[in-house]
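Chemist: So you can see what is in the structure, the chains are spelled out below.
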Amino acid sequence: MGVLLGLEGEATDAEVVRAVLAGDVERYAVLVRRYRDRYARFASRMLGSRDVAEDAVQDALVRAFDRLADCREPDKFAGWLFLILRNRCFAEKRRRQRQERPLDSADEMYAAPDRPDGDYEQVERAHALERALQHLTPEQREVFVLKHTEGLAYEEIAGVTGATVASLKMRMHRAYDRLRELMKEHL
Amino acid sequence: MTTGYHPLVKRLLDGELSLAELPPELRAEGEEALRLVGAADRAPVALSPALEERVMAAVRHAASSHTASLGNRAWRWLNTPRDVELRLRVRPWTVWAGALAAAAALALLLGRPAPQPVPGTQARGGMRDSVLVRFVLYAPGARRVALAGTFNQWDRAAAPLVPAGRSGVWTTTLALPVGQHQYAFVVDGARWVADPGAPAVDDGFGRRNSVVAVTAQGAHL
Chain U
1 MGVLLGLEGE
11 ATDAEVVRAV
21 LAGDVERYAV
31 LVRRYRDRYA
41 RFASRMLGSR
51 DVAEDAVQDA
61 LVRAFDRLAD
71 CREPDKFAGW
81 LFLILRNRCF
91 AEKRRRQRQE
101 RPLDSADEMY
111 AAPDRPDGDY
121 EQVERAHALE
131 RALQHLTPEQ
141 REVFVLKHTE
151 GLAYEEIAGV
161 TGATVASLKM
171 RMHRAYDRLR
181 ELMKEHL
Chain A
1001 MTTGYHPLVK
1011 RLLDGELSLA
1021 ELPPELRAEG
1031 EEALRLVGAA
1041 DRAPVALSPA
1051 LEERVMAAVR
1061 HAASSHTASL
1071 GNRAWRWLNT
1081 PRDVELRLRV
1091 RPWTVWAGAL
1101 AAAAALALLL
1111 GRPAPQPVPG
1121 TQARGGMRDS
1131 VLVRFVLYAP
1141 GARRVALAGT
1151 FNQWDRAAAP
1161 LVPAGRSGVW
1171 TTTLALPVGQ
1181 HQYAFVVDGA
1191 RWVADPGAPA
1201 VDDGFGRRNS
1211 VVAVTAQGAH
1221 L
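These protein sequences, in sequence, are chains U and A. When the count follows the working numbering, it moves up by one through the first sequence with no breaks and lands on 187 for the last residue. When the count follows the working numbering, it moves up by one through the second sequence with no breaks and lands on 1221 for the last residue.
The shape of chain A in the complex, shown without the other chains (with noise of 0.2 Å):
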């Protein structure tokens, strides 16, 4: 049966103590001992040089994928059937006054070149699938809080969050995009702090992400 290391000895092995700096008795056991750690192998491993290939033949297989679901998912909602439901209460003038203007609108625009697009109306038209989310986080005694998540690629500089007076809350107001988020508020540029508020998923390596639902009714949580 063979015991454990004396603790000096573990010591020595971490680095911690020299062989020398043992007692003359544990000496023996430490020769041992360092006979013990200095059989692990050190030396380069090389992998197949193939490798690389088959990383990039999965990660570009994997990008068209992505883009074909987004294709795909577009389509379904082009074609799915939805009810829609007009209800119109109108008094008969309005349906002639309505008919004139279209023919005075058809007149103008027959006799007009055709309208250029204003580069403000496209980014409003862009926007349509975006939906304003506020984000508030109380964080008394922060100097500075940013909202960082999938939405802005984890920049911790693109979304600062202003203090409400000297209350310690802090808010910001962003357009995202019809989806799920993930996110999380980095408080003084370091900590990362889950949204209190929201539900939160591990990100597969010990923290926490905040998530959010976005869809055009609205942000969910």
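So here's chain U without its partners, still in its complex pose (with noise of 0.2 Å):
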């Protein structure tokens, strides 16, 4: 049991893929913890909200199970699973606009005022900075939060999003120049 129990916390992805797929369901949640809030940070910046970023998740990791047979290589499940997740995340952004219901841009991520700076500045231009993300396009908006909220190079976005590095500089330089239109009031 000593064994197994260790095997668990440290099996590779492609490991957990396989005994799921052998018919081990419940190890499917090794996956479950292990991306879960990894990939928060990213849906919550791209969808602007905390709940409709944790339905995007919930959704995400339900949907990579009911497709794990797909998975051709499993030791790529984490960015397998971010794709799934980014497409997720763009369906939720094209169905918002599709209904006219914008997101409650990130009120309620910066209602609390116990940022640990306590620059009420900074935190202004923080929560503007939210708001105008989400009026980027949904290709802009994921390489700025690709690069300037999850530390990625180019040349990492271009690997996880199959998009080439010339193309998304261009998207990025098109996001610089939407964003200081939209926060000139905060610069």
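All the pointers check out, no bait thrown in.
Examples of chain U residues toward chain A, derived with CB under 10 Å:
| id | residue |
| --- | --- |
| 1 | L21 |
| 2 | V32 |
| 3 | H148 |
Simulated DEER-style distance windows between Cβ atoms:
| id | chain 1 | residue 1 | chain 2 | residue 2 | range |
| --- | --- | --- | --- | --- | --- |
| 4 | U | Q122 | A | P1007 | 25 to 33 Å |
| 5 | A | G1197 | U | M170 | 36 to 44 Å |
| 6 | U | D66 | A | L1019 | 42 to 50 Å |
These are computed hints drawn from the structure, not numbers from a lab. Note that the structure is predicted; figures quoted are calculated from it, not measured. Positions of the beta carbon are idealized from the N, C-alpha and C atoms, including for glycine.
Quick one: dock chain against chain with the hints and give me the complex.
Modeler: Structure below.
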């Protein structure tokens, strides 16, 4: 039993995926614990709401289970799950736009006054940036979040999204200009 | 009307230049731009502790539904009435010979212990729902080609193809269970290639998977 417990903590994604596909459904909880918070920030920044992000992460994890047999490279489960979540975030934004129900841009995330820096101006600027991000195209918002929130290099973003570095830079540079315009009161 | 950032300032934001490398007249714009990206919130976001249980409940439900649907399909298959036509043209003496053979077999069975299942026979029995499917890919210059799909959990090492001399043609024959399968060829261990001779579906993540439908009558593209 000790060996089993040890395996659960240390098992690679590929090992867990194969165990789940072989019928050990409960092992999927390992992947849920491993990725739920890792992708929460990306989803929150993309969708502008922690609650909507939580739904998106939950749906992505369930959808990934449903399609686990389609995961060609189990050792790259993390990237595969990210693509599912990314598609889910894009679909949610499109759905909201069709219904003309803009998300409550970051209000809930910034309502708490206990930001560690305690700088009101910075808090206001962060709040304004979150609102402004919701006015970018999903593709522009994604590259901004991955680069400036998640800290990925262009090459890494290209690796997870499939876009070229040149097109990513073009999106980002347009996003900079748009954000400058949207945030002129706060800079 | 706010104008866009200077291209050098954008390179600053991309991390390709430092503020000190900007011309003096662009430094104020650079500082403003850094304030903008500096406002990005990098604090971790914690989701509800109940999320894991919700996901696992959905997963268990999906798994049990899948098992149930397989059972339902099998039950429907067993219960669906089918027209079966048997045409026999026999000579009278074969009827008598058959009856004698049956009687002899019955006598043998009654006089011997029950036969034990032979492992090989069991395996053959298990293969009755499988159909041999031949896969061919023309890949001149490839060092190795394999077949990965839903039938082998996309394992790139499970089903290597064999080259037909130096023709560039690679082939393999697999026993696939009845059902629909998605697959792709893996060339040189890294390049995924859809079967040019089969229909393909988007896997939802920008790649194409080929599709083969296997029935008891054979494989259908």
